[in-house]
Amino acid sequence: MSRTIRTIFLGALLSTTMVVPAFAAPPPALSARQQVQHLLRRFSFSASPQEVTAVQNGGIAAWLALQSQPGKINDDGSELETLPTQLVNGGYPDYNIFERAVVQHMILTPRQLQAKLELHWLDHFSVGLESVGDPAIMYHYDQVVRANALGNFATLLCAVANEPAMLIWLDNNWNVGPVANENFARESMQLYSTGLYRLNDDASQKMGANGQPQLNYSQQDVRQIALAMTGYGVVIDPNNNDPQTRFSVQYYTGNHYSGKLTFFGKTQKVPNDGTAIDYVMNIVAHRQSTAPFEVKELLQRFVTENPSPQFISDIVAVWHKYENAPDQIAQVMTAIANHPDFDLAYHGMLKQPVESVFQSLRQMPGAMQGTADVTPGDSLLWELNGLGQQLFWPVSVFSFYRPGNLSGTVNTGTALDKTGVFANITSAQPSNPYTDTYINIATLRANIGSARGDVIAAYLMDALLDGGTPAQLAVLQHYLGGAPSDNDISGAIWLLLNAPDYAAN
Amino acid sequence: MINRRNVLRGLGGIAMAPMFMQSVAAAEANANGTIVVAILLAGGNDGLNTVVPLAHYGDYYTLRTPGPPPQGLTLAYTQADLAPNAFNTNPTIPPSQSNEFAFAPVMTDMRTLYATGKLAVIAGVGLPKQEENPLSHLNGQMDWLTGQINIGETPPSGWLGLTLDNVPPGPLGNTASLSGTTPLLSGATAQGLVINPPMDYFGVNYSVTDKWKTEKAAFRKIGALPTVSASGTYDQAVLQAALADMGVVHKIAKTHEAKTYQLNSWLDYQLRDIARLIEGGAGIRGYFAEQGSYDTHSSQAQYQPQLLQELSFSLLQFYSYLQAKGVSSNVVIMTMSDFGRRPAANLDFGTDHGGATVSFVLGDPVTGGVYGNYPSLKKFDGNENLKMNVDFRNVLSDLIVAMGGNPTQILGETWPSLGFI
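Residue numbers (the numbering used here), protein chains in the order written: chain A, 20 to 524; chain B, 17 to 437.
Among the clues, some could well be false.
[As the list claims (entries may be wrong)] For lysine-lysine, the following DSS-like pairs were computed, each having C-alpha atoms within a straight-line distance of at most 27 angstroms:
#1 K225/A / K145/B
#2 K275/B / K279/A
#3 K237/B / K227/B
#4 K145/B / K285/A
[Claimed, not checked] Far from chain A by the CB rule (all over 12 angstroms, computed), these chain B residues:
#5 A71
#6 D75
#7 D97
#8 T132
#9 T249
#10 A257
#11 T276
#12 G308
#13 S392
#14 K395
#15 N405
I should point out that these hints are in silico values taken from the structure, not numbers from a laboratory. Remember, it's a predicted structure, so these values are computed and weren't measured experimentally. We put the CB at the ideal spot given by N, CA and C, even for glycine.
Work out the full structure, taking the sequences as your base and the hints as a guide.
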């Protein structure tokens with residue numbers, strides 16, 4: 020077979036923009052079950068068939084209302100390990116334990132909308148353990164992100180900006196004038212809040228008289244804002260052995276730049292009392308371009324990589340309506356789910372690698388169904404690393420992929436690598452000490468309640484492919500035979516996890 | 017029987033046979049064309065501490081010493097440390113007689129390469145309109161990868177992919193990335209091969225049960241069935257392409273193991289596999305590799321030297337390997353980076369986003385030396401950054417010409433040759 024065929028075949032599908040095309044025409048109306056499955060894939064890390072049925076019976080509105088108030092959902096048992104409270108020999112008993120705790124929680128928590136937003140904000144406010152150095156500081160960062168995930172954006176932005184992990188990651192730690200480090204000032208605007216270009220409410224770029232996009236801020240603004248946020252330092256208490264409490268952020272008035280500060284065309288009275296970051300971030304959070312910038316990114320991660328201008332501006336209106344509300348983000352997410360464009364995006368975007376793994380572990384019963392019979396441990400982190408999306412290790416300040424470029428995570432290398440990751444998850448057994456994340460076939464059998472191959476095949480198709488197609492079902496039934504063994508069922512799950520349609524979110 | 021042609025017909029029935037019949041002969045014709053290996057130094061490499069202008073050492077030292085005495089801390093290398101790596105525009109002049117420039121002290125391997133007369137140093141290379149641009153990583157990288165400027169948020173095709181659009185493909189196509197998907201290699205019609213090193217593991221893991229042959233058959237069958245979504249179709253296209261390439265990649269991996277190749281850094285892993293693919297006759301003309309993290313806002317002296325040492329070692333080893341295998345004659349290696357860094361160091365002893373930097377071009381077809389004027393260390397642009405003297409597109413233009421492409425068509429403008437190739 021010639022390479023020419025490969026080139027044209029791929030070329031016809033992988034367009035120059037590297038964006039998966041949306042449906043040319045609206046998809047057929049979704050069944051009630053598909054609507055729920057779609058919602059649970061986008062607003063959670065998916066669910067088992069039993070849970071899908073429960074949401075179907077209770078109604079989407081009720082699920083959204085409850086998920087919007089995570090404090091009302093019992094979260095006990097969503098972290099399976101006890102986090103260390105004492106350092107051992109000045110180091111950590113298990114360097115990965117804090118990251119593992121975050122991953123466990125995302126999979127096991129019934130507060131799924133919060134968990135999904137936690138992932139979104141970790142992507143958005145990307146911070147890497149490699150630079151931060153201390154996994155406990157990273158864990159603390161995650162806890163702050165999680166606590167504010169459904170809250171108010173300006174509050175979230177301020178909280179994140181004051182975190183030790185962020186101060187270290189983008190060099191605002193021990194930043195002093197008059198030759199300040201500009202890293203956080205620049206990225207906090209370009210990536211974390213308001214964006215590089217001035218935007219209309221539908222997120223289109225405002226164009227200048229020269230026909231070029233208007234810049235949202237200048238290099239001079241960056242420089243002045245960097246000076247405005249000087250004075251902070253992360254301090255480690257050498258007498259405190261608790262890895263989760265031994266660090267704090269201190270403010271040093273003497274390190275704060277005391278000269279005149281002018282940014283965004285205005286002379287600013289930046290306080291020299293430890294609220295300097297809040298002062299700047301609150302201005303940035305409420306700039307005109309921030310709402311469309313943030314809304315577009317939310318839509319690109321939760322709904323479609325190509326949201327329509329109308330969709331964006333509709334949600335921007337909601338963003339503004341609740342701009343000062345403590346549950347602003349929850350209100351925005353509810354509006355997104357209720358928007359007509361939401362269902363049009365059914366299967367219209369790819370899964371993130373981490374979504375593929377988390378979803379598989381929630382759709383299949385057993386190991387990750389909150390029964391605490393299995394600790395998803397280091398092996399799960401290895402699997403995520405193998406797929407290029409280990410949460411505490413973003414590849415750059417852009418995180419794992421830039422919004423709108425999810426297809427960049429799918430290439431010939433990852434297409435083959437994921438077969439190995441799913442092989443590890445589906446083939447592992449509880450007795451295997453080296454692979455502690457797996458799909459529990461015994462529990463799966465109990466949930467299915469039948470040993471017949473056709474019944475098992477239909478269950479798996481519903482759980483993993485929303486029912487799939489008759490042709491896919493026929494392949495699976497043939498593979499499973501009449502009375503499949505545990506190994507056969509593992510193999511069948513692996514087949515579906517690698518089926519192209521499973522890549523669709 | 018599932019193969020690419022059947023799947024293709026299922027998806028739209030593009031007529032393939034004539035091109036298929038042409039491809040073998042075309043691949044042979046393609047074998048001797050210029051191969052470009054593009055390496056992105058991600059994060060924005062500080063050119064001033066990579067190639068130090070010895071002739072302006074005083075200005076350099078002042079800029080790189082942010083604290084007032086008696087603090088005395090500096091990012092500047094000493095003249096004594098720089099001396100062994102000193103060089104002049106003429107590569108034949110030894111370090112002891114050179115007084116124009118010097119590679120960073122850790123870049124002894126780069127100095128060795130320079131002496132071969134096959135390493136071009138492009139000084140003062142950068143992005144135009146940088147004074148209007150808030151020095152964004154994304155914009156800088158996208159500019160270099162696409163050959164365009166001020167492209168906003170849209171990822172278009174890359175200059176290398178476009179250059180190879182009309183070139184008959186080899187057994188593994190025209191392009192390969194050893195560092196994930198990149199717009200650099202996207203042409204008008206195709207996205208290329210991506211291998212996550214080492215290439216020895218480029219394959220399907222069927223080890224789910226003890227019946228791997230059964231798994232394999234079912235996997236191939238379900239993977240080729242019609243999909244229900246655009247996303248599924250996209251994933252399927254990538255998967256089928258990967259399956260189609262697997263055999264050739266495995267064969268090259270087995271027959272060209274490069275056992276003596278030293279793997280000291282991730283860049284070595286990438287370049288080793290590129291060397292194996294070239295040696296194995298993959299027919300690929302455009303490669304992408306990446307090295308980070310050059311975003312040295314703080315404690316630069318702790319990080320940048322290590323990266324530069326890795327880079328120097330990797331380039332020398334790669335080039336030497338290709339020469340030893342007799343396959344270096346048409347290979348050109350080039351480096352690019354988001355932007356340079358601020359000439360004046362900050363009080364974190366790092367450097368913020370800047371303007372002009374340096375690029376390296378290496379290979380048998382290259383005429384070594386220094387190209388472009390080193391930027392002034394006294395007169396800066398409006399953001400107090402080094403002024404660009406060589407538009408980055410000028411470098412790309414020369415490479416495109418070397419590959420037989422049309423730079424005006426791809427870059428939108430015409431550039432005079434810099435003369436390094």
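Comparing the hints with the structure gives:
Our distance criterion of 27 angstroms between C-alpha atoms is met by K225/A and K145/B, whose separation comes to about 19 angstroms. A C-alpha spacing of about 61 angstroms is found between K275/B and K279/A, which places the hinted pair above 27 angstroms, so the restraint is violated. For a cut-off of 27 angstroms, the pair hint linking K237/B to K227/B stands: about 16 angstroms separates their Cα positions. Straight-line distance between C-alpha atoms of K145/B and K285/A comes to about 25 angstroms, which keeps the hinted pair within the 27 angstroms bound.
With a closest Cβ-Cβ approach of about 26 angstroms to chain A, A71/B is found to remain outside the 12 angstroms limit, as its non-interface label requires. Consistency note on D75/B: stated as away from chain A, and its beta-carbon is indeed over 12 angstroms from all of that chain's, at 17 angstroms minimum. For D97/B, the condition that its CB be more than 12 angstroms from all CB atoms of chain A holds, with the nearest at approximately 24 angstroms. In this structure T132/B is separated from chain A by more than 12 angstroms, as the shortest Cβ-Cβ distance comes to about 33 angstroms.
Not every beta carbon of chain A lies more than 12 angstroms from that of T249/B, the smallest distance being close to 6 angstroms; the non-interface claim is violated. For A257/B, the condition that its CB be more than 12 angstroms from all CB atoms of chain A is violated, with the nearest at approximately 5 angstroms. Annotated as non-interface, T276/B keeps its C-beta farther than 12 angstroms from every C-beta of chain A; the closest such distance is 25 angstroms. For G308/B, the shortest C-beta to C-beta distance to chain A comes to about 7 angstroms, within the 12 angstroms cut-off, and the non-interface label is violated.
Chain A leaves S392/B outside its interface by the beta-carbon criterion, the shortest separation being 19 angstroms against a cut-off of 12 angstroms. For K395/B, the condition that its CB be more than 12 angstroms from all CB atoms of chain A holds, with the nearest at approximately 17 angstroms. No beta-carbon of chain A comes within 12 angstroms of the beta-carbon of N405/B; the shortest separation is about 20 angstroms.
Comparing the model with each earlier hint shows violations of hints 2, 9, 10, 12; every other hint is respected.
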